[in-house]
Every structure is written in structure tokens, then in C-alpha cells.
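S.K.: Each chain, letter by letter, is given below.
2 protein chains.
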Amino acid sequence: MTRDYPVSSIRLPHDLPLDSGQVLSDAEIAYESYGVLNEARDNAILICHALTGDQFVASEHPVTGKPGWWDRMVGPGKPVDTDRFHVICANVIGSCLGSTGPASMASDGQPYAMRFPVITIRDMVRGLVGLLDELAIERLHCVIGGSMGGMQALSLAANFPERAGRVLAIATTARHSAQNIAFHEVGRQAIMADPAWSNGDYYASETSPDAGLAVARMAAHITYLSEDGLTEKFGRRFQDRPDGAPGAKSFGFDADFQVESYLRYQGSGFTRRFDANSYLYITRAMDYFDLAEEHGGKLAQAFGGSEARFCIVSFDTDWLYPTAESRHIVHALNAAGAAVSFVELSAPFGHDSFLLDVPALDRVVAGFLSQ
Amino acid sequence: MTRDYPVSSIRLPHDLPLDSGQVLSDAEIAYESYGVLNEARDNAILICHALTGDQFVASEHPVTGKPGWWDRMVGPGKPVDTDRFHVICANVIGSCLGSTGPASMASDGQPYAMRFPVITIRDMVRGLVGLLDELAIERLHCVIGGSMGGMQALSLAANFPERAGRVLAIATTARHSAQNIAFHEVGRQAIMADPAWSNGDYYASETSPDAGLAVARMAAHITYLSEDGLTEKFGRRFQDRPDGAPGAKSFGFDADFQVESYLRYQGSGFTRRFDANSYLYITRAMDYFDLAEEHGGKLAQAFGGSEARFCIVSFDTDWLYPTAESRHIVHALNAAGAAVSFVELSAPFGHDSFLLDVPALDRVVAGFLSQ
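Quick mapping for you: the protein sequence lines, in order, are chains W and D. Number 371 marks the last residue of the first sequence (the UniProt record's numbering); no jumps. Number 371 marks the last residue of the second sequence (the UniProt record's numbering); no jumps.
Same shape as in the complex, but just chain W (with noise of 0.2 Å):
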């Protein structure tokens, strides 16, 4: 993918220090804003994406031309209510959709490719609060973010506490499990293997590694729907053959299956909007993702200046991040004296069911932003 398309973006007057110990420089912060910032400027919200996605919650996504990712959340009389707040949100550095990443201009002219620091979300989470300094937004009335977006609101809970009034951390983890690193690295090392990759300098090149990219998202996107929602929506039905045919088993290696039809979309899609290089980058923050080890290896100390409020929301089919996983971040609330409420809602669709429709979310989320 080329980004080929005009963005909203500021460049952070200072270095961005990280995780690693270098600095990320001149770093820009692609962002899209909703609704009306007031006077007292506290009614401000802001939204964290997920791996894959961008600051475009609410408005048209200039590639694909399909509505903001959460267009069914975000807007006027919607639950986070853009005629009460003001909701920004912001490309995470490291991704593709305008902040600075390894596709972007290195100080030598020529792509940072694999020169690009490895980031943290903690790193991704000091590039939103850069934002939000020079917007001159001090504390936010909430932070909001669903799966690697809920690591960054509690990120931003943990190392800015001063900076956000409410915590909304949906379908989330405090910390990367084994088995979540495992398909990361089959992800990372698709990407690796396929040629095109070219040690991530592929910029100038014709060719780039969409294949690799391709199964890497296959490969994710199987863990963000649940067992039975697969079963519900593919089941074992064959795909219609082009001719109108009905389907049947072809005894070959085309796609037979819907659940394969669908799978080999979702990854050829996905490498038109999505840089390879960004993946490496952002599912490497995720695995390193740890905000007990962050602070003396207890996730409560993490919360301990904390006076905002907490939701915590899981999803009774999510696998990825199960349930167990909320509730280990509420007990740490618990234990740091934290204010938190926390649900378990059941909705079919796995992981991405904070993205899909889902009314007791929707419930949950007003409800939490009018408290």
C-alpha cells in the first residue's frame, strides 16, 4: 500500500522519547476530531484503536470508502454523543494512516523501513499524549479504547493518570499471554518469509509482501471471531461456483468453503489499506505489552495514583482476550483502591464483538460517558 490520500496531522514540537531508549523525532500525529471542544475544554474523549485500525472512528476510510469503524458508536445522539463531546482520534505511531511509522521519511529522506525504533504502547500512548498537549487538552473526560486500543487507554491510566477523568477499556488484557505472542510471531513470520518483504525494504520496490501480509491477517482474523459465530455464519457450506453452479467439493485447491472464500477477502483486502512493516511494528507493542513488569511487576501499583473512574468490559465469547482476562485488571483496580465497574456481556461474534452490533455495549458505553 501507498498512502496517496491527505490527512490531518501536527508534527510534536519535541523528541519522543521511548521505551527502547532511542528518540523518535519530528514524529507527526495523523488524527480526526468530532464535534465541538468547549469552553472549559474537559468535555473532550479520546478513542484508541486496535492493531489494524486508524483514526478514522467516524468518518469514511480513504481507502476503502466504508464508514468509520466505529460509525455506530460515535456520532451525534450515539452513545459517545458528538454533540456533548468532543471525541478525537488519533494513528497510533508505528501504523500507516499518516503518523510517523516505518513507511514514513526518515531525517535522510528514504523510508525508515526496519530503522524505525521498536515502539511500546507506552511509546504509542506518549504520542497521543503529545497530541493532546498540543491541542492543550489537559484532561480528558474519558479515554476509550477496545482490544490493543483498551491497552492504551490503560497505558495512559497507569503512566498519565492526571490526564483522563474515565477509563472505558473493552474486549482488553494487561498483559500479552503466550498463546497471543504465538500468533503474532506466525503473523510476523509470514511476513518475514515471503520475499517481497526484502529485510522491510520494499518501499521503492514494485512488489510488496502482500502475501505474507494476507495470511498474517488470515491467520489473526481466525482468533477474532469465536468458535461458534464461525460455525453460525460458514458452517460447513460450500461456495457457489462462478458459473451460479451450486457448491460442492471441486477435489482441488480453490476455495470450496465459504469459511476459505472469506478468510483468503478478509487478507487480500486488508494488504490495500495496511503496510506490512506496521504490523511487524505494532503486533511486536502488543506482545511486548506488560503493565504489571511496568511497574515492579504488580498491576496494581500501576493504578495506584489513579482517581479516575474504570469500566472494564469483556465479552463471554472473546478467546483472545477471555474474560479472565478483565477480570485480572479489575482485581488490580480493586486492590489500588480504584473506582471500577466491570461486565461480562454475552454476544456471539468473539473478540470483534466490541466492534459489531452489540446493544448492551452501546448501553454500557452512554451510560459510562454520563456518570
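One copy or two, either will do: identical chains are not told apart, so a pair holds if it fits within one copy or between any two.
Heads up, simulated DMTMM-like pairs for lysine to aspartate or glutamate below, C-alpha to C-alpha not over 25 Å straight-line:
id, residue 1, residue 2
1, K233, E344
2, K78, E39
3, K249, D15
4, K298, E227
5, K66, D362
6, K249, D201
7, K66, D83
8, K298, D228
9, K249, D19
If you are wondering where the hints come from, they were derived from the structure by calculation, not from laboratory data.
Once you've looked at the hints, dock chain D against the given chain W.
M.R.: For chain D alone, coordinates are given in the frame of chain W:
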């Protein structure tokens, strides 16, 4: 991989009819056997292997030098007691350890490669029954299999009900679910995305699609283990550095976590002993497996003619073929009026439990064979 070691095999004297409508001519079946066949020829046990298994159930693997894959279960005085039973284990057609598969020579003296016909589990069983015919074994004391081996055991019971007095199916299913198919499709796409795959025509080439095959293996391997097992074995522990320094974040893309290193090792080791095209064909056969569909859409009908005794075993941490799949089989056997015992064993290793140290399984196997 190339095969440069001798194997015991027989050539079937007749064409093997296949579910696709094609036939396989001059099929060779490679097998190992243990223990003495009695005069009545009624003490034979056929063990069916899993996707990446082979006939070396209790003998050293000719490539890896490792002990047989079920060495703990099969041998003198062991649960499958070779002092009492004549044990046979054959490489399935489509595989690459001596039985006819995509790497074998077709009649034109060139490897079949993708000209090899797409096969099914029932086709594999036809090959096994062909072997039994050649060995003049009319009726097995028992057919045993775990995972894909269990599919073969069930298929043999359904399609050749007179050939086995007992059927022991472990950690298996009567049909591949959408999620099962999805994971296999990721593996196939990883192989086919590897330019060295060359549409399957790599046997005369200096390169083979090892990178793609390794990724396929890594993705599959995660599904063989339980999340808790992965956490217990690896957690978020870091890999020690080659210079002996203790592990920590490298802020790079080397294998930082032990689980990453383990998966990479699993992937690369696998390519030494397995053929990528065989992986495509065998996963396809598994995805096509739906024992009910073959029998008028009713699983109970598949077992209608069977007078065998069945034993179905599942593991509580197996999320690839969870206990519900075994229960589904048991209900069908009950409906068919078959004699069936069923046990869900508790073991921490996920799907791989059937291969590992689970003493309760040893007792179930020994007990069932003695009944």
C-alpha cells in the same frame, strides 16, 4: 525434504477408487509392524496416524532419529501390547513417508506434484484396507487413531464395518468445523504464497517452500496446545541470549520470548521431515471430512451396520476437537444402537494430550483392548 531411506511397503495389486471419481494406480502403502500375527490372524491392531504422523509409531524415525511417535503406548507390556497383538501402522496415501503421494512418481516418470488426485479420509482408509487385504487380515481386533487417525478409525467403522471388532477414536471429530477449516486454509495459503512452491513443481528445484510450510506448521501447532499449557510452559518468559546473558526485550524482531523461539523451532524442524504438497493434500482431506454427509446426512446412519464396540476419548483442554465433537459421535453411536463407551479425560496439553504423558489414557487403551 527428499526421501533417501528405505521403507517397508507393498504395492496394491488393483487400482484404488477415489471419492473424486478418479483412481490411484500402482498405489504403494508403506507400513511398519510389531508383534506376531497369530494363526487365527485375529490379533491384529491397526493404528492410524495423524496429519503429520507416519508409520513409525514405535520405531525410530528415519529422518529425525527420534523414537516412534507413540512409543509410550505401543510395545511389549505397554497398553497396546506387542506381546499379545500384531500391530500395524501404515503411512496414509497422500503423505510422504513411503506411501504414494504428491512426491511419488506418476506413470510418466515425473512426480505427481499437483497432478496427484485430491483424496479424502475414506480414500486413505481404502488404501489401509487394501493393505489389510494383502496381509490377509480379514478382521482387526481393533482400529485405533487419534486426531486424523480417529477420523480414519471412524471412517473404517462406517465404510468397512466387518473389518474391525473394536474402534478406538481419540481426540477426534466426525466433521471438520468452520474454525478447523479456517486454520488449515491459513496453512495452505502460507505454502502457496511461498514463491518456492511454484504451483507444486519444486521437486527438481534446489529450493522448496520451506518458509511457507514452516509458517503453516507454526499456525497449526498453536491449535494443538492449550492456552493454559502454553502459559505454564512459556508464559511471558524471555529467551536467554546466545552470549549467555539473561533474556529481556531486545527491541528488535529476534525471538525474544521463549514461545517464539519454540514455534520457530517447531516450524523449521518440520520442513526437514515433511513435504509441503502432502500438507496441502492431507489438510484438504481433513477439511472434506464429514462422516454424516457421506451417509445421507445422518451420522447415526454411518454406524448403522456396525457390530463393533466403540470407545471414544476426548480431552478437556482440546479446543481443536473439543469434547462436544466426541459427544456428537457418541450420540450417533447410541442412536445406531452400537456398543460405546465414552470418557473425557483431564489433561493439560490440549489436543496433543493423546501423544503425551497421560496415564489415564494408557489405562483406557489397555482396558478397552482387553475387553
